[in-house]
Amino acid sequence: MSALLEATALRAGYGELEIVHGVDLRVEAGEWVALVGVAGAGKSTLMNAIAGTVALRGGTLRFAATELASRAAHERVRLGIALVPQGRRLFAGMSVEENLVAGGHVRSSRDAVADAAERAYALFPRLRERRRQIVGTLSGGEQQMCAIARALMAGPRLLLIDELSLGLAPIVVDDLLEALERIRRDGTALLVVEQDVDAALRYATRAYVMQLGTIVLSGASTDVRADPGFGASYMGIAG
Amino acid sequence: MQTVQAIVNGILVGGFYASMAMGFSIVWGVMNIIDLAHGSLIIIGAYVTYELCTHLGVDPFLTIPVAAVVLFALGYVLQRYLINRVLQASIFATLILTFGLDRVLVNANLRIFSADIRGITVPYTAAALTLGDLRIPLIRLAVFGVAILSTLALWLFLERTRLGIAIKATSFDPEAARLSGIDPARIYAVTFGIGAALAGIAGALVAAVSTFSPVIGDGLTTRAFVVVVLGGLGSVPGAIAGGILLGVTENLVASVIPSFSDAAAFALLIVFLVARPRGLFGRRFYAEI
Amino acid sequence: MRRSSCSLPRLAIVCVVVVVVALAVLPRFTGVFVQATLADIFMVGTFAIALNLIAGYGGYPAFGNVVFFGLGAYATGVAQANLHLPFAAGCLAAVVLSTLVAVAVGPLFFRLRGHYFAIGTLGLNGAVAQLVTNLPLAGGAKGLSLPLPAGTPATIATFFYEVFLVVLVVALAAALWVDRGRLGYACRALRAGDDVAQSLGVDTLRTKVALWAMSAALTGLIGAVYAYSVNYIEPPDVFSLGLSVKAFVIMLLGGTASLLGPLVAAFFVEGAVTLTQHYFLNYDVGVLGLIVIAAVVFFPRGASAFVRDRFFARRSGTAR
Numbered sequence: 000m001s002a003l004l005e006a007t008a009l010r011a012g013y014g015e016l017e018i019v020h021g022v023d024l025r026v027e028a029g030e031w032v033a034l035v036g037v038a039g040a041g042k043s044t045l046m047n048a049i050a051g052t053v054a055l056r057g058g059t060l061r062f063a064a065t066e067l068a069s070r071a072a073h074e075r076v077r078l079g080i081a082l083v084p085q086g087r088r089l090f091a092g093m094s095v096e097e098n099l100v101a102g103g104h105v106r107s108s109r110d111a112v113a114d115a116a117e118r119a120y121a122l123f124p125r126l127r128e129r130r131r132q133i134v135g136t137l138s139g140g141e142q143q144m145c146a147i148a149r150a151l152m153a154g155p156r157l158l159l160i161d162e163l164s165l166g167l168a169p170i171v172v173d174d175l176l177e178a179l180e181r182i183r184r185d186g187t188a189l190l191v192v193e194q195d196v197d198a199a200l201r202y203a204t205r206a207y208v209m210q211l212g213t214i215v216l217s218g219a220s221t222d223v224r225a226d227p228g229f230g231a232s233y234m235g236i237a238g
Numbered sequence: 000m001q002t003v004q005a006i007v008n009g010i011l012v013g014g015f016y017a018s019m020a021m022g023f024s025i026v027w028g029v030m031n032i033i034d035l036a037h038g039s040l041i042i043i044g045a046y047v048t049y050e051l052c053t054h055l056g057v058d059p060f061l062t063i064p065v066a067a068v069v070l071f072a073l074g075y076v077l078q079r080y081l082i083n084r085v086l087q088a089s090i091f092a093t094l095i096l097t098f099g100l101d102r103v104l105v106n107a108n109l110r111i112f113s114a115d116i117r118g119i120t121v122p123y124t125a126a127a128l129t130l131g132d133l134r135i136p137l138i139r140l141a142v143f144g145v146a147i148l149s150t151l152a153l154w155l156f157l158e159r160t161r162l163g164i165a166i167k168a169t170s171f172d173p174e175a176a177r178l179s180g181i182d183p184a185r186i187y188a189v190t191f192g193i194g195a196a197l198a199g200i201a202g203a204l205v206a207a208v209s210t211f212s213p214v215i216g217d218g219l220t221t222r223a224f225v226v227v228v229l230g231g232l233g234s235v236p237g238a239i240a241g242g243i244l245l246g247v248t249e250n251l252v253a254s255v256i257p258s259f260s261d262a263a264a265f266a267l268l269i270v271f272l273v274a275r276p277r278g279l280f281g282r283r284f285y286a287e288i
Numbered sequence: 000m001r002r003s004s005c006s007l008p009r010l011a012i013v014c015v016v017v018v019v020v021a022l023a024v025l026p027r028f029t030g031v032f033v034q035a036t037l038a039d040i041f042m043v044g045t046f047a048i049a050l051n052l053i054a055g056y057g058g059y060p061a062f063g064n065v066v067f068f069g070l071g072a073y074a075t076g077v078a079q080a081n082l083h084l085p086f087a088a089g090c091l092a093a094v095v096l097s098t099l100v101a102v103a104v105g106p107l108f109f110r111l112r113g114h115y116f117a118i119g120t121l122g123l124n125g126a127v128a129q130l131v132t133n134l135p136l137a138g139g140a141k142g143l144s145l146p147l148p149a150g151t152p153a154t155i156a157t158f159f160y161e162v163f164l165v166v167l168v169v170a171l172a173a174a175l176w177v178d179r180g181r182l183g184y185a186c187r188a189l190r191a192g193d194d195v196a197q198s199l200g201v202d203t204l205r206t207k208v209a210l211w212a213m214s215a216a217l218t219g220l221i222g223a224v225y226a227y228s229v230n231y232i233e234p235p236d237v238f239s240l241g242l243s244v245k246a247f248v249i250m251l252l253g254g255t256a257s258l259l260g261p262l263v264a265a266f267f268v269e270g271a272v273t274l275t276q277h278y279f280l281n282y283d284v285g286v287l288g289l290i291v292i293a294a295v296v297f298f299p300r301g302a303s304a305f306v307r308d309r310f311f312a313r314r315s316g317t318a319r
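Chains as they are written, first to last, in numbering that gives the first Met the number 0: chain A, 0 to 238; chain B, 0 to 288; chain C, 0 to 319.
Source of the hints: derived by calculation from the structure; they are not laboratory data.
A hint or two may mislead.
[What the hints assert, rightly or not] So, partial list: chain C residues that the calculated Cβ filter (under 10 Å) puts toward chain B:
#, residue
1, Ala54
2, Leu107
3, Phe116
4, Ile118
5, Val296
All C-beta atoms in this analysis are idealised placements derived from N, C-alpha and C, irrespective of residue type, glycine included.
Pulled out of the complex, with its shape left as it was, chain A reads as follows:
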C-alpha cells in the first residue's frame, strides 16, 4: 500500500543553486505531518517543489501513484494537491468571496463552487462576515484563514501549508490549528511547515526535521521531540 504523497531522493533549487539535496518524505492519506527546521533549511523550497512552482532536479515525486515531475503546478491542483504559500499571497484587490471563487477554479460547476464556499464559511465563520471585504483590509489571522479556505476550495486530498503561524498571535494560531484538525478529520491530509515547535507538533502524528536541505530526523512526533538530537538540529547547532 503506497502513501498518498511519496518523495524519494528529491532534489530542487533555483537557478544554479540547489537547495534541497535528496529528501525522502511521505504523507499518508488523512495524516497530519509536520515539517520543522530553522529558517533557510529549505522547507519552503521543498513545499514549492511538491506544489510545482519550483522545478525538480532529481529524485521522484509521486502523488496517488502519479509521477508529478511532468505535471505543471496548475495540473497538480486538479490532481488534489493545494499549497497555502508563505506570505499567503492572496489576490490583493479582490474580496474574500472572489478569492474563494478563484480558488475553486478547478471545480466543475458554479454549484460545486458555492457548496465548497459554504463549507469554508462553516469552518471559518469570520470569513462569512467579511466575505465582501477586500482581503487587503483583513487582519493577519483572517488573511491566513482566507488563504487556507482558498486552498480548500479546490477540494484537495493533500493540503500543504508553508509557515502557518508567522506573525500571528497565539490565540489565533490555536483557532487555526483546531480548524485544520477538523479539515483533517474530514479526510484531507496535511503537511504543515511551522517555525513554532509547539504549534507544529500539537496535532501532527509524524514529523520531519530539516536542516541545510536534508532530512535529519523523522518519525512519530513524540519520538522526534524526545530525540536528543532534536534540540541541536532544530536550533541549528552543529553536532
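With chain A held as given, fit chains B and C onto it using these hints.
This is chains B and C only, laid out in the frame that chain A set:
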C-alpha cells in the same frame, strides 16, 4: 448652442472611443502588453462587417457577434502561439513585437482588401433625433448604445463569472493563480482573445458610422491608449469616462480651432501622464515596471 | 552589465581608425547606390547609438525618440528654406532645438517609468508632429522643400556619405565618452536604482537630462542631414514611428552593452530592409514586420545575450 452640440457629439463619439479602448485596456491591465496592433485588429473587424454587409446585405449592427467571434479566434491564436513567447521579455520586446505584427496585418489588409477607403451606407444614415437646436443622429446613438452595452458586458464578465475572476486573479499574482489551479497561459490567450473580440466590435461600429482603410489603424491605437491613460488602466468605467473626456475635449476644441483637435488628444495625454498617471479611475493591476 | 575590459586595447583603437579611414575613402571606388545604402546604414546606426544613450544607459525606453529627428529635420528645413541660412547653420539650429526640447521636457517625463515613459514619448512625438503640421511656417501637411545642394548626383551622394560618416564617428565617440567617463559611472549607479545612485552622490536628474540631451542632439543632427539629403520632408516621414522601432530592433540585436554591436546590427537590419524593398515590393511592409517579429522572438534579450548563452555558458560551471 454650438457648444452644447459639440458636447453631445463628444459624448456620442466618446462611447465609441471607450469601446475601442476596452480591449486595449484589458490586455494591458492583465498581461502588461501594449498591443500596437490593436488598431489593425479593429480594422479587420471593420472589414468583416463590410464584407458581410455588401455580400449578404445585412445591417452592420447584426454583424457585431460575427466580428467578435472571428476576432476572438484570431486573437487567441496570436497570443497562444506568438505573443506568449515574449511575455517574459522586456518592454521593448513586446512593443516591438506588436509593432511588427501590426505591420504584417496592415500589409495583409492592403493586399487582400486594397487601399481603397470603404464605407457602408445604411438606409437610416440621415435619420436623427432633434431636441430643439440639438441634432442627434440615430446611428451615432446606436453606436453609443452598443459601446456602453459591450462595456457593461465586459464588466459583468470580469466581476461575476468564474473565468472573469480567474483573469483578475492572474493579473494580480500569476504564481498564486497557478496554485489555485489556473493555467496562466490559457488565461492570457483568452484575455487577448477577448481584447481582440472587443476590437472586432469596435471595428463593426467603425464600419457602421464612418469610412476606413487599412492604414488608419495607427490613429485608432493612439486614441485607445490616450483613453486608457485618461480613464485609468484596468478600469471599465474608466474607459467610458476617458472616452467621453477625450471625445468632448476634441469636439470642443474643434468647434473653436478646427485643426488642433488632434493635438488636443496628445495634450490631454501628456497632462495626465505628468499630473495623474493612474487616470481618473485608475486601479492598476500591474505596478509600474 | 559588466564590460569585458577595463581599458580600450590598443588593437581595437587601431582597427577602428583603419576602418573609418577605409570607409572615408570608399567613395573613390564605388558608385552612388552603394554610397547611398551605406549612408543609410550610418544614419540608422547613429540613431540606434543615440537611442542607446537614453534607453540602454539611462534605462528609459524612449520609444518616441524620433521626435528629435523630426525636430532636427524641420529646424534645418525652416532655417534653409525660409531663412535662407546655410546648411551648417541649419545643423546648428537642429542640435540646439532638439537639446532644448529634451532639457525642457526631461524633468517632467523622467517621473514616468517603463511603459508610461514609452507612451509619453510616443505622445510627445505625435503632439510635435501635429503642431508642425499646423504650422504654416513649416509648410504644414503639404511638406517643406529645402534648397538643393550644389553639385552633380555623384558629388552630392559622396558629400552626404561623408557627412553621415562623420556624424556616426561623433556618435561613437560620444557613446565611448559616456561609457568610460563619469557619466558612465553615474549610469551604472542609476541602474542599481535612483536611491542607490543618490546615496553614491550621483545627481540622478542631471545625469538623465544629460543623457537625453546628448541623444536628442545627435538624433536632431541626423534629422537635419537627412532633410537636406532628401530635399523634401513631410511630418509623417520624419516623425515616423517606424524609424524608432527600427532603431529599437537594432538595439535589441546589437545589445545595449556594446558600442559596436548596434552598428553591426544596423548593417544587417538596414541591409535586410533594402533587400526586401528591392525584391518584395508589395510586401515590404509586412516582411519588415516579420523580420521584426522574428528578431524579437528568437532574441528577446538581444543577439549578444543569445551568443553569450549558447557559446559561453560553460564558463559559469553549469551546463544547461
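Note to self: Let me make sure I understand: some of the numbered hints might not hold for this structure. Which ones are they, in numerical order?
What the structure shows: When the structure is compared with the hints, none of them turns out to be violated.
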